[in-house]
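Chemist: Given next are the chains, with one letter for each unit.
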Amino acid sequence: MALQMTEKEEGSASDIILETRNIVKRFGGVVALAGVSIKIPRRWIVLLIGPNGSGKTTLVNVITGFLKPEEGKVIYEGRDITGVEPHIITRMGIVRTFQIPKPFINLTVLENLLAAYPPGPHENPYKAVSKRSWVKTEEEAVEKAFDILKALGMERAWDQKASELSGAELKLLEVGRALMSGAKLMILDEPAAGVNPTKAHEIFSVIRKLREERGITFLIIEHRIDIASQYVDYTYALHLGRLISQGPPQKVLNDKAVIESYIGG
Amino acid sequence: MMANFAVLAEQILSFIGIYYIVSIGLNLKAGHMGIPDFGHAMFFAMGGIVVGNIVAHIAAAVAAKSVPGVTVAGVIASNTKTLSIMNTKFFPYHPLLDIGLVIFALVLSLILGGILGWIASLPALRLRGEFLAILLLTVAEGLRVIFTYTKSLMGSTPTVGLSTPALFSWTHNSGLAATIFTIIVALIVYVYVERLHNSPAGRLFRAARDDEDAAKALGKNVVTIRRDAMIIGSALAGLAGAVYALNPFLGGGSVAAVSIFNRVWWTFWPWALIILGGMASNRGTGLATIIVGVSLIWPVRLYSFKVAQVLHASALGINPDQFANALEYAFIGLIILIVQAVLPRGIIPEYPSRTLPFEKYARGKVLPPKPKEE
Chain A
3 MALQMTEKEE GSASDIILET RNIVKRFGGV VALAGVSIKI PRRWIVLLIG PNGSGKTTLV
63 NVITGFLKPE EGKVIYEGRD ITGVEPHIIT RMGIVRTFQI PKPFINLTVL ENLLAAYPPG
123 PHENPYKAVS KRSWVKTEEE AVEKAFDILK ALGMERAWDQ KASELSGAEL KLLEVGRALM
183 SGAKLMILDE PAAGVNPTKA HEIFSVIRKL REERGITFLI IEHRIDIASQ YVDYTYALHL
243 GRLISQGPPQ KVLNDKAVIE SYIGG
Chain B
82 MMANFAVLAE QILSFIGIYY IVSIGLNLKA GHMGIPDFGH AMFFAMGGIV VGNIVAHIAA
142 AVAAKSVPGV TVAGVIASNT KTLSIMNTKF FPYHPLLDIG LVIFALVLSL ILGGILGWIA
202 SLPALRLRGE FLAILLLTVA EGLRVIFTYT KSLMGSTPTV GLSTPALFSW THNSGLAATI
262 FTIIVALIVY VYVERLHNSP AGRLFRAARD DEDAAKALGK NVVTIRRDAM IIGSALAGLA
322 GAVYALNPFL GGGSVAAVSI FNRVWWTFWP WALIILGGMA SNRGTGLATI IVGVSLIWPV
382 RLYSFKVAQV LHASALGINP DQFANALEYA FIGLIILIVQ AVLPRGIIPE YPSRTLPFEK
442 YARGKVLPPK PKEE
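Going down the list, the protein sequences come from chains A and B.
Offset between the first sequence (1-based) and the numbering used here: plus 2.
Offset between the second sequence (1-based) and the numbering used here: plus 81.
Hints were generated in silico from the structure; no laboratory data involved.
We treat Cβ as the ideally placed atom computed from N, Cα and C, and that holds for glycine.
Check before you lean on any hint, since a few could be wrong.
[As the list claims (entries may be wrong)] Here are a few chain B residues that face chain A, going by a calculated C-beta distance under 8 Å: (1) Pro281; (2) Ala282; (3) Gly300.
[Unchecked claim] Over 12 Å on every C-beta distance to chain B, these chain A residues come out as not near it, computed from the model: (4) Glu79; (5) Gly169; (6) Asp228; (7) Asp235.
Put together the whole structure using the sequences plus the hints.
Modeler: Below is the structure:
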């Protein structure tokens with residue numbers, strides 16, 4: 003089976019936001035990624051699946067600049083970003099969330115979002131006494147923060163401390179902070195892990211909504227394929243550092259190679 | 082009787098003022114930024130040295146032209162004599178120069194405290210937790226020893242130190258003037274730290290403290306954030322040191338390495354105060370300082386030596402001075418224990434950074450608009 007997007011898929015996905023070309027990453031003798039090429043079209047929700055150790059997180063680490071690949075390229079919006087520093091990649095619009103939420107625990111929900119606004123001179127502590135140095139940026143940030151809270155359905159919790167939030171709300175807060183920081187491509191590491199099915203569906207509904215309303219592209223790592231597959235446009239399956247299947251979720255989930263990879267056949 | 086009461090009130094107010102300034106500097110580092118600075122006293126000491134050494138030299142250079150017996154070299158060589166001549170025959174008659182020197186002392190102590198804070202931030206960027214706390218504590222102690230025995234810095238007698246210039250003597254009531262001055266500086270510092278807290282920069286300190294990795298993932302430069310908190314917090318400690326040396330109720334007319342580098346007074350007490358008030362709470366630290374200043378610090382300082390006598394510390398072969406100091410340590414520990422048990426987040430727990438009237442935005446955006454009157 004050719005692991006390429008069909009022509010029809012390519013046609014509807016002419017605008018590729020992120021592409022990896024033959025990424026090879028080794029840790030000593032272990033080959034974590036053995037030439038992985040994926041394409042993520044703009045405004046798509048793309049699912050990345052694979053059993054433990056298949057290389058999902060390594061691929062994300064290469065994309066976000068935390069790891070440098072031995073071979074291959076990462077192309078983002080037409081630019082080669084292979085080996086660029088992580089915080090620069092963040093500012094370019096690729097933002098990842100953590101598998102275990104990392105909120106600013108003593109700050110309120112609103113403060114968490116405001117603190118995620120892109121860094122700039124408004125955060126200079128030596129000028130902080132002069133309100134004029136930051137008030138304009140801050141007004142924009144507050145407007146944006148409340149818009150995002152509304153989109154996440156968290157507007158009523160705006161003044162709550164992060165320490166008082168539920169697990170699902172913390173996941174949404176992570177998404178909110180990523181939006182606040184100007185994400186165009188969000189990489190979510192197990193957004194539904196440790197959340198009950200109802201809440202998991204809510205989280206994925208929010209992801210769909212953000213794609214429709216804000217044009218955000220998503221790359222999602224998720225083990226709860228049953229839930230995730232209902233919401234995504236396209237799926238890549240990794241096994242032992244190789245792409246073993248790709249296509250619409252139902253096609254990939256019924257792929258014999260994918261099933262075998264999970265049950266170790 | 083009235084006069085005594087007035088003096089006691091001035092002394093207590095001076096204590097509250099000085100402890101607020103020195104504690105709030107630590108609160109910025111330890112409370113807002115999470116840097117466990119156990120060397121806070123060394124930044125405080127910079128202010129004491131500015132007044133006792135640098136300002137005294139400048140004043141002597143001016144006074145040497147008109148006042149017999151005053152020489153620049155005499156500030157160190159015959160410190161007590163030179164300063165006593167200047168304090169009686171020079172400073173009371175040159176109010177403008179005195180005011181200028183006070184302002185100069187405040188500015189220079191801020192700068193020196195800030196520079197030392199910047200140097201101390203270099204390890205603070207690489208170390209965390211108890212490793213950093215111990216490092217800063219030992220650096221402060223090391224500096225204390227060096228300063229104690231460096232004649233050109235602290236004079237020839239380590240425990241006596243340097244007499245300080247009486248820059249409020251022109252008011253004819255140095256105590257009252259210095260008290261008012263101390264309180265005014267403390268109030269300005271309060272307004273400053275509140276404005277910093279309620280700004281995006283203040284919020285960023287607290288965010289980076291809560292989760293460094295998340296801050297980094299959002300593109301924030303945690304290194305410069307920690308550095309800036311060290312510089313500003315230490316500069317405030319330097320300012321406190323200068324105010325201390327200028328106030329006769331606090332410094333007692335002199336600065337010595339044993340007093341300005343005193344880790345109990347300028348590191349451990351500020352820690353106790355910010356824990357009592359609430360970490361990262363500027364208002365809580367203020368309230369804690371007032372409560373402790375009125376009810377504890379003063380009586381403890383006043384009576385711990387007597388308690389040591391009553392308990393016959395000397396009969397047990399213990400030096401009453403040391404015993405009195407040990408009592409003070411015990412009080413600090415007791416306060417921290419009680420607060421941790423009863424109010425683990427302090428008297429006034431940390432509050433959000435209110436940069437803008439958020440409720441107004443919330444009403445427009447997310448809360449239902451107020452129902453119209455029919």
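Chemist: Look at each hint and say if it fits the structure.
Modeler: How the hints compare with the structure:
1. Pro281: Result: holds, 5 Å to nearest chain A Cβ.
2. Ala282: holds (4 Å)
3. Gly300: Cβ of Gly300 of chain B sits 4 Å from chain A, so the hint holds.
4. Glu79: It holds; Glu79 of chain A is separated from chain B by about 17 Å at its closest Cβ, greater than 12 Å.
5. Gly169: The claim holds: Gly169 of chain A sits with its nearest Cβ about 16 Å from chain B, beyond 12 Å.
6. Asp228: At roughly 29 Å from the nearest Cβ of chain B, Asp228 of chain A sits farther out than 12 Å, so the non-interface label holds.
7. Asp235: Check passes; 26 Å lies beyond 12 Å.
Of the numbered hints listed earlier, not one is contradicted by the structure.
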